[in-house]
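All chains should be built: construct the whole structure from the sequences, respecting the hints.
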Amino acid sequence: MGRYVARRLLLTIPVLLGASFLIFAMVYALPGDPIRALGGDRPLAPAVVAQLRQEFNLNDPLGIQYLKYLGDLAQGDLGTDFRGRPVLDTIAQRLPVTIKLTVVAILIEAIIGIVAGVLAGIRRNSFFDNVVLVSTTLVVSIPILVLAFIAQFVFGLKLGLFPISGVQEGWYSFLLPGLVLASGSLAYVARLTRTSVAENMRADYVRTARAKGLPNRTVVVRHTLRNSLIPVVTFVGADIGTLLGGAIVTESVFNLPGIGRAIFDAVRAQEGAVVVGIVTLMVFFFIFFNLVVDVLYAVLDPRIRYE
Amino acid sequence: MSTASMSVPSGSARGASAPVLEVQDLRVQFRTGSGLVNAVNGVSYTVSEGETVAILGESGSGKSVSAQAIMGILDMPPAEITSGRIMFEGRDLLTASAEEQRKVRGPGISMIFQDALSSLNPVYSVGFQIGEMFRAHRGTSRKDAKKLAIELMDRVRIPAAAQRVDDYPHQFSGGMRQRVMIAMAIALDPRILIADEPTTALDVTVQAQVMDLLKDLQRDTGMGLVLITHDLGVVNEVADNVAVMYAGRIVERGTVDDVFGNPAHPYTEGLMASIPMLEAKGGRLQPIGGQPPNLSSIPSGCPFHPRCPKRRLGADAPPGRHCAEDVPPLRLVVPGREAACHYSEEVLGV
Chain A
1 MGRYVARRLL LTIPVLLGAS FLIFAMVYAL PGDPIRALGG DRPLAPAVVA
51 QLRQEFNLND PLGIQYLKYL GDLAQGDLGT DFRGRPVLDT IAQRLPVTIK
101 LTVVAILIEA IIGIVAGVLA GIRRNSFFDN VVLVSTTLVV SIPILVLAFI
151 AQFVFGLKLG LFPISGVQEG WYSFLLPGLV LASGSLAYVA RLTRTSVAEN
201 MRADYVRTAR AKGLPNRTVV VRHTLRNSLI PVVTFVGADI GTLLGGAIVT
251 ESVFNLPGIG RAIFDAVRAQ EGAVVVGIVT LMVFFFIFFN LVVDVLYAVL
301 DPRIRYE
Chain B
1001 MSTASMSVPS GSARGASAPV LEVQDLRVQF RTGSGLVNAV NGVSYTVSEG
1051 ETVAILGESG SGKSVSAQAI MGILDMPPAE ITSGRIMFEG RDLLTASAEE
1101 QRKVRGPGIS MIFQDALSSL NPVYSVGFQI GEMFRAHRGT SRKDAKKLAI
1151 ELMDRVRIPA AAQRVDDYPH QFSGGMRQRV MIAMAIALDP RILIADEPTT
1201 ALDVTVQAQV MDLLKDLQRD TGMGLVLITH DLGVVNEVAD NVAVMYAGRI
1251 VERGTVDDVF GNPAHPYTEG LMASIPMLEA KGGRLQPIGG QPPNLSSIPS
1301 GCPFHPRCPK RRLGADAPPG RHCAEDVPPL RLVVPGREAA CHYSEEVLGV
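Chains A and B are the protein sequences, given in the same order. Numbering-wise, the working numbering puts 302 at position 302 of the first sequence, and it's gapless, one number per residue. So the number in the working numbering is just where the residue sits in the second sequence, counting from 1, plus 1000.
One or more hints might be untrue.
Stretches of chain A that chain B covers, calculated by requiring three or more beta carbons in the stretch to come under 8 Å of a beta carbon on chain B [said to hold, decoys possible]:
| # | stretch |
| --- | --- |
| 1 | 168 to 176 |
| 2 | 210 to 218 |
| 3 | 292 to 305 |
Cβ pair distances, simulated, as ranges [as the list claims (entries may be wrong)]:
| # | chain 1 | residue 1 | chain 2 | residue 2 | range |
| --- | --- | --- | --- | --- | --- |
| 4 | B | 1345 | A | 127 | 56 to 62 Å |
| 5 | A | 135 | B | 1154 | 52 to 58 Å |
| 6 | B | 1143 | A | 2 | 26 to 32 Å |
| 7 | B | 1174 | A | 128 | 37 to 43 Å |
| 8 | B | 1096 | A | 127 | 28 to 34 Å |
| 9 | A | 296 | B | 1143 | 45 to 51 Å |
| 10 | B | 1189 | A | 111 | 40 to 46 Å |
| 11 | B | 1034 | A | 215 | 31 to 37 Å |
Incomplete in silico selection of chain B near chain A, CB under 10 Å [as the list claims (entries may be wrong)]:
| # | residue |
| --- | --- |
| 12 | 1075 |
| 13 | 1103 |
| 14 | 1107 |
| 15 | 1120 |
| 16 | 1125 |
| 17 | 1185 |
Rather than coming from a laboratory, the hints here were simulated on the basis of the structure. What you are looking at is a predicted structure, and each value in this text was computed from that prediction instead of being measured. Beta carbons: idealized from backbone N, C-alpha and C, even for Gly.
So this is what it looks like as structure tokens:
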């Protein structure tokens, strides 16, 4: 197991290199001149433009630019944006917002999704089961952008239950955007849990558990739910990695200064160093949480062993 | 163990005493999308201490369903027990509360299944799953339950039990897995053990070992054994009495020697004729013509009549014994032998 984890962690290095290079190349290929755009309506003096281009290595070919970036990175320098602000500062400022949003969203999707899925799975074809089926279908079929505005309008404006934008009210500010962000995954978790529970209820080993004269609670909790939740736990785990990458739409609609907004702004301003820095971090989160899920899978299901 | 000699139930040869389990006129239906399926249609049998009763039948004859009804582990719905009594130690399990039924499962009646791999929970160690019996029924501590599990694994002859107690089901071979199931089933010294095709998924040498083990355990504990199988060889080797099932009914019942030696029902006769014989090497096997009946539309009269070579229809049949119209009851043909055929005497040749 230890060797397996070490090998997987080593494998992230080439993946991160490849991902960062791809992002670098894509920003490079964007049309327009970021330095001239920096001036806005008042064009910068040619000398200033030349100096900035020199400073940010913009005159070099792609490969050289990338190697210089890697060289700085090796010394722990993620570079700066065109205004001289270190990328690391941007990440340090933005990441906590995204982490809070992720925590809220994951809690909502896991708790509500699993409870709804388990109840629906145990009482299949009941009224509650049908409510879950219809509502999850509804949620996944509405784009998150629409859902976000509806939530903002209904819960924020009309009912006045939640703040509409910003992070002034601490964790409470994250509840509504968290719910919106979680909605799609929540529906998926509920359905996955429902199917998994319903399938396991018919499993031979559940029949054995009944034949052993175990109390009903033990049969359901120990012999049905534990097995049913293995695929759910792995999905939720992988979702953490995805959500930590920031949610551009949700963060924009609710005006949350998180990673998603930062990357959106950076792409628009063609801030190569910022885009590469953040995206590489996203890729790392994604890989890392997938590794966590794989390890967790082996812990939950003894049939899985990594050599 | 009470071995008081009581009135000998019909058909019982060895180890006869008062029945521990008595199934009376059990009927089970399934409600499915395509109508009612009559899986068990009035099955009655008794099992005494130390007795081995084989329930013999092909797939769909209702043998497993009747066993699951006895255990109280049928999925209801779709299944429904429409009539009958299941008397265990003088108590009707069908009218007992769910909690009372649960307490019988394990210490009273327990069951092993055909496919031990899918019947054991893949995410718990075998020791844990065996120990669960003690923890659930006797409130034994986890630590003591594990010790008892090791003892049981020893008893069912799993080598190196103490080292293997924490292993998971997938780490065992098929025969060893079935031994784990057996260890679990006998943990609380049940009075009745129902074995539903216990050796079907195993290869022949392992089959014999598992059957030997079951017989030895039965001798040690005096439990009654209900052996559900379609394997004529297994029945012949281990059972005292046999009940042959067809279309959810018992069509013939008696001691194994009698029934196998001289069948009183044409279906049993057909089964015996279909056994490959070493002496008849090179000859053709004799199958029973036709198909087993569809349980949602069982033929009228005797359910076997469309396939029966000895049926009598129309003017051939005496009144009340028309094979396509009159249902033959299970009746005593000769002492110790019951059969559900209008013409059992002729089949038997008495």
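Results for each hint:
no.	hint	verdict
1	168 to 176	violated (count 0)
2	210 to 218	holds (count 8)
3	292 to 305	holds (count 4)
4	B:1345 / A:127: 56 to 62 Å	holds (59 Å)
5	A:135 / B:1154: 52 to 58 Å	holds (54 Å)
6	B:1143 / A:2: 26 to 32 Å	holds (29 Å)
7	B:1174 / A:128: 37 to 43 Å	holds (41 Å)
8	B:1096 / A:127: 28 to 34 Å	holds (31 Å)
9	A:296 / B:1143: 45 to 51 Å	violated (28 Å)
10	B:1189 / A:111: 40 to 46 Å	holds (44 Å)
11	B:1034 / A:215: 31 to 37 Å	holds (35 Å)
12	1075	holds (8 Å)
13	1103	holds (6 Å)
14	1107	holds (7 Å)
15	1120	holds (6 Å)
16	1125	holds (8 Å)
17	1185	holds (8 Å)
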